[in-house]
Amino acid sequence: MKFIISLIAFFLFTTSYVEAKSETVLTRDSSALVENQVTLDTAKQNAKRSMRSPAELFKSCARCHSIGRGKLIGPDLAGVSARHSGEWLIKFIQASDSLIASGDTAAKRLYEENEKLPMPRHDYSNDEAKSLIDYIFFETRKLEADPNFLDNDFSFAHPSNTWPFIIGVLFILFGIIDWAFLKLIRFKFIHIILILAGLAISGKAVTEEAIYMGRSQGFEPDQPIKFSHRIHAGDNEIDCQYCHTGSMESRNSSIPPASLCLNCHNVIRNGPNTGEVEINKIHEAFESGVPIEWVRVHSLPDYVFFSHAQHVNVGKVECKECHGEVEKMGRIQQVSDLSMGWCIDCHRTQKVQFDNEYYLSYKQHEDILSGKISEVTVEEIGGLNCQKCHY
Amino acid sequence: MKTEQLRSEKKKTLKLFNARIFMQKKSGNIISLATFFILLIFSGCSRENRNHPGYTYLNDMTPSEAYEYYSSNPNFADGKTAQPPVAGTIPRGAIPYQYPRTDAGQKQAGAELKNPLSVSNEDLEMAKEIFEINCAMCHGETGKGDGRLVTSGKFATEVTPLVDEFVQNKPDGEIFHVITMGSVSGFMGSHSAQIKPDDRWRIVCYIKNKLKTD
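Those protein sequence lines, which keep their order, are chains A and B.
The numbering of the first sequence is this note's numbering, which starts it at 1 and goes up by one.
The numbering of the second sequence is this note's numbering, which starts it at 392 and goes up by one.
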């Protein structure tokens with residue numbers, strides 16, 4: 001009977017032992033680096049302007065040129081727009097023979113280098129030639145695309161304690177079994193040492209796991225759009241608050257709407273690593289009005305009150321003090337454990353920014369003015385009180 | 392509906408679980424404690440999967456019962472909790488912006504809108520911060536149109552320099568209009584959702600006073 005009851009208890013326990021935030025976790029296939037889509041979309045755009053598509057035009061180039069696959073009859077076109085100016089390229093595409101005849105040194109050199117085979121004339125308009133050059137530029141960039149551009153070179157997740165626990169339990173079991181039945185080891189103090197060592201190892205594993213549980217440190221989910229903070233906040237040096245505008249005024253540091261992305265991405269339509277695929281998702285979201293379902297990374301339990309405004313605006317806490325070096329992250333990762341001890345540690349040492357008018361009424365403010373004390377920590381104005389965060 | 396069902400199921404299992412524990416008394420407690428420890432240990436495995444947030448202790452108070460800003464909401468047709476104001480209503484204290492994003496609208500805004508701020512040092516210091524957060528990446532910290540996005544070649548097109556006469560000769564209202572609605576060319580987007588009206592006027596003061604003299 002007891003066995004059945006314990007089985008039921010076990011079953012019930014597992015069902016109540018639910019996943020933390022499974023509701024919001026959305027994952028998409030991460031291997032969707034679509035290559036053909038990019039060319040198709042560029043082609044579609046150009047069809048609107050009643051031009052021939054550059055992909056179509058390039059078919060005639062492809063008889064003699066490749067992009068990144070080495071020299072055929074003519075030179076490899078990878079990175080050609082870095083080697084020559086746009087105007088020069090248009091002239092050369094339209095009529096290379098007249099450019100050579102005009103005595104242009106670069107054209108002449110190319111002519112000599114390629115066994116004096118002239119490139120035939122092409123009846124492309126200026127716009128068509130331009131789109132072709134853009135096409136070659138983006139095709140070149142695709143060669144340099146890094147499919148792992150989102151990966152971080154650090155992880156704050158603690159290693160799993162499963163094996164230390166199993167080893168510890170095996171130590172204990174072996175100690176007990178050998179003592180009682182097998183009797184392989186003559187001295188009993190060795191059994192005791194084995195059991196104690198096993199208890200220590202598995203005990204440490206259990207304690208650590210109990211501490212890490214419910215903290216999600218190192219949580220780094222795939223997001224619906226392959227957005228890289230390394231590119232946006234790192235390379236482009238865009239301020240955190242340009243996109244997360246609410247952090248000064250609101251409890252939440254707001255997630256930017258798609259319209260905010262379009263401030264830049266109405267012009268920048270082609271990313272270095274994913275082409276147009278990922279950026280098109282923003283345009284789709286903006287046009288359809290269906291919001292992008294980002295996966296929440298940092299979340300506090302409902303029984304804790306936290307306000308960004310209080311910390312960023314009043315306390316002048318830098319974003320990276322809690323969120324880590326976001327400018328070096330591809331995918332966003334939870335760096336801090338967001339535990340209560342972690343909060344309290346900071347409240348004990350953080351200094352109150354007394355330039356806020358609200359603090360003028362505080363007793364400590366007079367003491368600072370009169371020189372009695374030089375600084376006040378958050379703890380001293382009640383930063384450790386339970387009801388500051390739990391109410 | 393799904394979330395509600397899930398919640399009620401969770402509550403049921405919790406109630407049953409508590410009842411069982413109470414009935415079993417000591418021996419049951421020890422066994423469930425042991426299973427708890429074993430589960431605790433295998434929860435460590437979830438950390439090897441970066442997509443998994445891990446497990447939590449009995450989480451009846453962890454997820455919010457109320458809908459939060461960004462949570463999905465079955466009560467609205469579009470599934471969002473954050474709803475725009477009802478059509479035709481005006482939030483308290485807000486003045487609807489009535490100039491369209493056209494050349495004529497910009498000129499009209501320039502003629503009619505007056506800067507409510509008088510230029511003071513405090514305003515300019517604050518304005519510098521706002522300018523560097525919102526404008527400097529394209530227009531440059533000195534306003535010469537040499538922001539990081541332009542010098543790194545990410546923006547293929549030129550960005551309007553703010554120190555030139557083209558901008559400096561415009562009335563305050565026109566600059567305010569461009570920040571609010573975006574440029575007529577469509578190159579610069581609307582920043583009305585990001586920058587509050589007062590801060591927009593501060594930026595105008597900063598462009599007209601500080602940038603010009605520096």
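Do not rely on the hints blindly, as some may be mistaken.
[Stated by the list, open to error] The following label-pair restraints were derived from C-beta to C-beta distances:
(1) A:Ser336 x B:Gly470: 27 to 37 Å
(2) B:Pro487 x A:Asp151: 41 to 51 Å
(3) A:Lys59 x B:Thr493: 52 to 62 Å
(4) B:Ala502 x A:Val267: 21 to 31 Å
In case anyone wonders, no lab produced these hints; they're calculated from the structure.
As the structure is a computational prediction, the values presented were derived from the model and not from experiment.
Virtual Cβ for every residue (Gly too), placed ideally from N, Cα, C.
The hint says 41 to 51 Å between Pro487 of chain B and Asp151 of chain A; measuring C-beta to C-beta, is that right? holds (46 Å)
Satisfaction of the hinted span 52 to 62 Å by the C-beta atoms belonging to Lys59 of chain A and Thr493 of chain B: violated (43 Å)
Indicate whether the distance between the beta carbons of Ser336 of chain A and Gly470 of chain B respects the range 27 to 37 Å. Because 31 Å falls inside the window, the suggested range holds.
At the C-beta level, are Ala502 of chain B and Val267 of chain A separated by a distance inside 21 to 31 Å? Because 30 Å falls inside the window, the suggested range holds.
In the structure shown, a violation is registered for the earlier hint numbered 3 alone.
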